[in-house]
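Protein chains: 2
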Amino acid sequence: MCQTLYSHAFVSTFLTIPKTKIVCIVQLCSKFKLCYFSVVEVSPLARCVQLYEAPSGQRKEVHLRYISYTLWMCFQVSIRAEKGGSPSLNTHTLWMFFKVRFELRNWFHKSTLIVPRRGSVAMLQVNCVTFPLPGEGPEQQLLKPNDWSYCDYFWADKKDPQGGACMPGFEILLQKQLKGKQMQKEMSEFVHERIKIEEEYAKNLSKLSLSPLAAQEEGTVGEAWIQLKKSLHDEAEVHLKFSNKLHSEVEKPMLTFRSDHFKKDLKKYDHHIADLRKQLASRYAGVEKARKALADRQKDLEVKTQQLEVKLSNKTEEDIKKARRKSTQAGDDLMRSLDLYNQTQSKWFEEMVTTSMELEKLEVDRIEWIQQHLRQYTTLRHETDMFNQSTIENVDQLLRAVDPAKDRDLWVKEHKTGDVRPIDLDI
Amino acid sequence: MCQTLYSHAFVSTFLTIPKTKIVCIVQLCSKFKLCYFSVVEVSPLARCVQLYEAPSGQRKEVHLRYISYTLWMCFQVSIRAEKGGSPSLNTHTLWMFFKVRFELRNWFHKSTLIVPRRGSVAMLQVNCVTFPLPGEGPEQQLLKPNDWSYCDYFWADKKDPQGGACMPGFEILLQKQLKGKQMQKEMSEFVHERIKIEEEYAKNLSKLSLSPLAAQEEGTVGEAWIQLKKSLHDEAEVHLKFSNKLHSEVEKPMLTFRSDHFKKDLKKYDHHIADLRKQLASRYAGVEKARKALADRQKDLEVKTQQLEVKLSNKTEEDIKKARRKSTQAGDDLMRSLDLYNQTQSKWFEEMVTTSMELEKLEVDRIEWIQQHLRQYTTLRHETDMFNQSTIENVDQLLRAVDPAKDRDLWVKEHKTGDVRPIDLDI
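Chains as they are written, first to last, in UniProt numbering: chain C, 1 to 427; chain H, 1 to 427.
Hints are computed from structural coordinates only; laboratory data are not their basis. Be aware that a few hints might be false.
Since the list gives no way to pick one copy over another, a pair counts as held whenever it fits inside one copy or between any two copies.
25 angstroms max Cα-Cα, derived BS3-like pairs, lysine-lysine [said to hold, decoys possible]:
#1 245 x 185
#2 406 x 185
#3 245 x 264
#4 185 x 326
#5 229 x 179
#6 207 x 252
#7 144 x 304
#8 252 x 185
#9 179 x 230
#10 207 x 245
#11 179 x 413
#12 229 x 181
#13 159 x 267
#14 144 x 311
With these hints in hand, go ahead and build the complete structure from the sequences.
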């Protein structure tokens, strides 16, 4: 980013601005804590001066790259200092950076007449966005190196294989968000299905626990059997509790995690970026128009100059003056429309970076959030199994207590008919 | 039991048999290891002799009871010796006891003419079974004291509250068996219902595990999600395994534990005992008939004797001889039918004891068997919960591994459109 900034800003200024203004640039940079010591270290001032005096475009190019690179490095340093970590942008730093960028830009405009420079970077225009040609222009470093950040990889539009309308890289980021929302909705549906299964299971278990089967079994076996039936009711309770917690602690949060506001927000991002792209297109058209106008004016001026060589007359003198004025005018128009285009592109650029980092943040939140709630699911499952274990313990206890002798005692006491034994009959 | 035996056997023999035969009784008893030392200790021989010579019925009674009691104690002693525990009958001892009983009985019959004894025990006849009146006759000890054994408590018939046909005590034992069979059948039905619930649950779980919901989730979350779905399939497997084992290790054994042979066997017992009761009834009728016949004969004899006193003639002499012969004959008939009745009652008695102990054994088996298989049920339930726990572990692992940054890397690598940033347009 800062390469794009400085390679252009400097290319289109250092050629024309005097020492004093270079000093101002440096002061301005240091004012924004961008490269105070870098000034001391690599003394861009001296180099600028030397550069200013140097005639060969080749050498300029080198030096300019070097200076812009130096500024970029200092910028990185300032961030490193700020984050106390590996050089990577956070939103605040980005904004600071953009502020600097505009201060510089406006300062250049107030202070200098921008003139076309020699040895410009060959560029490629795709859907009204201008990129450097491969290998051309200053080397670009990733905004967030080693980070596979959204803000680094979605600058180009995606070509549709069927050769239909191609899709902005930003659209792909938005679709990822929408898909994420959909996934989370489907997960909560899945959990809902699980809840229904648990409820059905619990219903059947507690229904069976009320069954009258073998209810007339007696004694210690009878007690164990009653407890065994009861344990089914307890199991049912456990599974019911599981399904209730699934509902309140997993399904519902998953369903309501991102309200419909979320989709509205995405729409806002979408429209905002899309509008900037439209603006960019119209500004690009404006530049083309102004370029053509300037070409016409310069042609007209040439014609009039040739006429002057043929026969001298006041009228022609007048015409030439007029034509030169109009040509200069057209030149200014071109520069203005060019500047308008670049301003819009910068705006789009900034929005792209900040918004894509917003989306990146959202996705991190979503994943961590899903992780948390699926963990809740497994926790509840573990609990269920543990509680289930305990439903059986009472049954085991009573089964250990089963005693045929005791059962016989109880039964005989209740049903005996008489313990007097018969005796032989006699007369 | 032995009281009934000896109180009668001895009462109806000692009065008439000589010393030599007492010795034989003692020898016979000792031959069956019933009262060898009891002979030494209380020397029933001496007492018998003394008894034989003693005139008073009262004193006889005492001695007879004492002897029979002694024999009973020795019998108990022999069992104590055999079981090394509290005096209670086991089937083998019972049989030995019955053998002794018959040896004695037959021996008395061969060797003695049974004559009615004075001072008999007042008895009560219920449904053709003869019991001692409360407080009358020798004291009865339980066959299996402190044991609430079937063989001690079902001698009487059960009166129907509605005053309808009353039910033999043995019927109640049989009904207990049938009810037990029914309970076990119902338990296996219950388990079958549980199996159906488990199968349904497993079916629903594995169906849900195949659901396509949130299948497009990507990266580490995607992996965790896939594993979570798979875990439902694993759970289903666990519950299916549970239901299969329930079927093979609980339901099926419970259903087939006692085949239909069992009911046939019960019927056999039932008919056998019932037949003996019928026989008992008819034998009792026989006794009554013989008793009446004897009475008639004795009346006839008296009449004829009176006639003799009036006028003496050869013819009357003849008649009296004839009448006396017939009266003696009738007396013999009564004794025979009496003996037939008592033999049948003994047979019934033995069947009652042995069969009820059979049924007692069957009930113990049934209860232990149910206990064992319900324990198998709880074991399987515990296993199920444990296996269920493990189905979640893989999910937990993958959830711990969820990493938003990694997921972004993967996604960006796949979907990035371009990392070349735009540059300002110039001419």
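Cross-check of the supplied hints:
1. For a Cα distance limit of 25 angstroms, the shortest separation of residue 245 from residue 185 inside one copy, 18 angstroms, qualifies, whereas the shortest one across copies, 38 angstroms, does not.
2. Taking identical chains as interchangeable, the C-alpha atoms of residue 406 and residue 185 lie at most 25 angstroms apart only when they sit on different chains, with a minimum of 23 angstroms there against 60 angstroms within one chain.
3. When the C-alpha separation of residue 245 and residue 264 is checked against a cutoff of 25 angstroms, the pair qualifies neither within a copy, at 31 angstroms, nor between copies, at 55 angstroms.
4. For a Cα distance limit of 25 angstroms, the shortest separation of residue 185 from residue 326 qualifies neither inside one copy, at 64 angstroms, nor across copies, at 112 angstroms.
5. For the homomeric pair residue 229 and residue 179, the shortest alpha-carbon distance between copies (19 angstroms) is at most 25 angstroms, but the shortest distance inside one copy (48 angstroms) is not.
6. In the homo-oligomer, the alpha carbons of residue 207 and residue 252 lie at most 25 angstroms apart only across protomers (23 angstroms), although the nearest pairing inside one protomer, at 28 angstroms, exceeds that limit.
7. In this assembly of identical chains, residue 144 and residue 304 lie within 25 angstroms of each other by CA distance neither inside one copy nor across copies; the values are 55 angstroms within and 146 angstroms between.
8. For the identical chains of this complex, residue 252 and residue 185 are intra-copy neighbours only, at 10 angstroms inside a copy versus 45 angstroms across copies, given an alpha-carbon limit of 25 angstroms.
9. In this assembly of identical chains, residue 179 and residue 230 lie within 25 angstroms of each other by CA distance solely across copies; the values are 22 angstroms between and 47 angstroms within a copy.
10. In this assembly of identical chains, residue 207 and residue 245 lie within 25 angstroms of each other by CA distance both inside one copy and across copies; the values are 22 angstroms within and 22 angstroms between.
11. Within a single copy, residue 179 and residue 413 get their C-alpha atoms only as close as 74 angstroms, which misses the 25 angstroms cut-off; across copies the closest is 17 angstroms, which meets it.
12. With identical chains, the CA atoms of residue 229 and residue 181 are at most 25 angstroms apart between copies only, with a shortest distance of 19 angstroms across copies and 45 angstroms within one.
13. Taking identical chains as interchangeable, the C-alpha atoms of residue 159 and residue 267 lie at most 25 angstroms apart only when both belong to the same chain, with a minimum of 22 angstroms there against 91 angstroms between chains.
14. Taking identical chains as interchangeable, the C-alpha atoms of residue 144 and residue 311 are never at most 25 angstroms apart, the minima being 66 angstroms within one chain and 157 angstroms between chains.
Consistency note: the structure conflicts with the earlier hints numbered 3, 4, 7 and 14.
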